[in-house]
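Trainee: Sequence:
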Amino acid sequence: MERRDFIKGIGLGALAAGLGKSVRAQEARAPGEAPGKAAEKAPPSAGDDFKITFLGTSHGNPTLERFNSSTLLEFGGKKYLIDAGEPVSALLVRQRISPADIDGIFITYPHGDHMGGLVMQFVQMASFRRHDKDKYQDRRCQVLLPGDDVKKSIADTMRILRFGRGIPDYCDAIGFGDGVIFEDGGLRVTAIGNDHMKRRADGSARAYSFLFEGAGKRIVFSGDLSNTFDFPYAVIEPGLDLIVCELVHFPVKLVVEGLRDKAIKHGCFQHASNHYCDVVHGKERFAAFSKQLTFPAELVDDGTVRTV
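In my numbering, the protein residues as written are 1 to 308.
Think of the hints as simulated: they come from the structure by calculation, not from any bench.
When the alpha-carbon atoms are kept at most 30 Å apart in a straight line, the in silico DSS-like pairs for lysine-lysine are as follows:
{"no.": "1", "residue 1": "K51", "residue 2": "K291"}
{"no.": "2", "residue 1": "K78", "residue 2": "K133"}
{"no.": "3", "residue 1": "K151", "residue 2": "K133"}
{"no.": "4", "residue 1": "K262", "residue 2": "K217"}
{"no.": "5", "residue 1": "K198", "residue 2": "K151"}
{"no.": "6", "residue 1": "K151", "residue 2": "K78"}
{"no.": "7", "residue 1": "K51", "residue 2": "K262"}
{"no.": "8", "residue 1": "K217", "residue 2": "K253"}
{"no.": "9", "residue 1": "K135", "residue 2": "K78"}
{"no.": "10", "residue 1": "K265", "residue 2": "K253"}
{"no.": "11", "residue 1": "K217", "residue 2": "K79"}
{"no.": "12", "residue 1": "K78", "residue 2": "K152"}
{"no.": "13", "residue 1": "K133", "residue 2": "K152"}
{"no.": "14", "residue 1": "K262", "residue 2": "K283"}
{"no.": "15", "residue 1": "K51", "residue 2": "K78"}
This one's a predicted model, so the numbers in the text were calculated from it and none came from an experiment.
Using the sequences and the accompanying hints, generate a full structural model.
Mentor: Here you go:
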């Protein structure tokens, strides 16, 4: 489909249809399968890949080059968001992905730059669902929020803004704590609390890192960490295929000291300070930092895609 056909200003219905056609056109058929027959999605198995698209990679403020934190993870035929900073739903559309095609949303912690786009994501999910009711009739989205208090706050915000009566009923919203928070076929997600935010009176964390495991692969998303760099060291062994780590809230020497010689295959750093995001000197500054590590590392941009 030509770009000019995709972006014709003829309404949301046409856009939703265009997104559907764009996605369906990319779906592979099994050998000998009749054209037009939808292939059933098999559960994840050894050898399956994680595809990671960095939608927004900025620190707390958007910049000319970077939007707020949001990452698209695709695995086993499903699509998940890690954080939902603005303008996440618009960035999905730019990837030719309907916001209604998201199967799960994981929020690391309740600050605006990590979940400020969540309400609009819900609104756009509803809009796109209305224009393809057959496709989405039985489709549900798991929404994992860092605590029941955060779940209530989002529901209240939806009502205050008159976006329905709360979190959409096709979203299974769960307030989570430490431990395994999600299992779906071959994918398992574990939350590890950190001290980026002050803990609740009962000692439970408000901010989390995530460990994603599937098809024999292991990926850590650090979320925001404390100024002591409280990375989830306990889950590094037996090895990590990738870390996605922030780089703004602590002295970088703590990263080098903490992660050197650890069983990590690759590092994608984001949510970095302006020192590293500077368009003139940022790359050389990051190179000076990364050469101190014992694994390959890169500073990712909005739109960077990596496969693990």
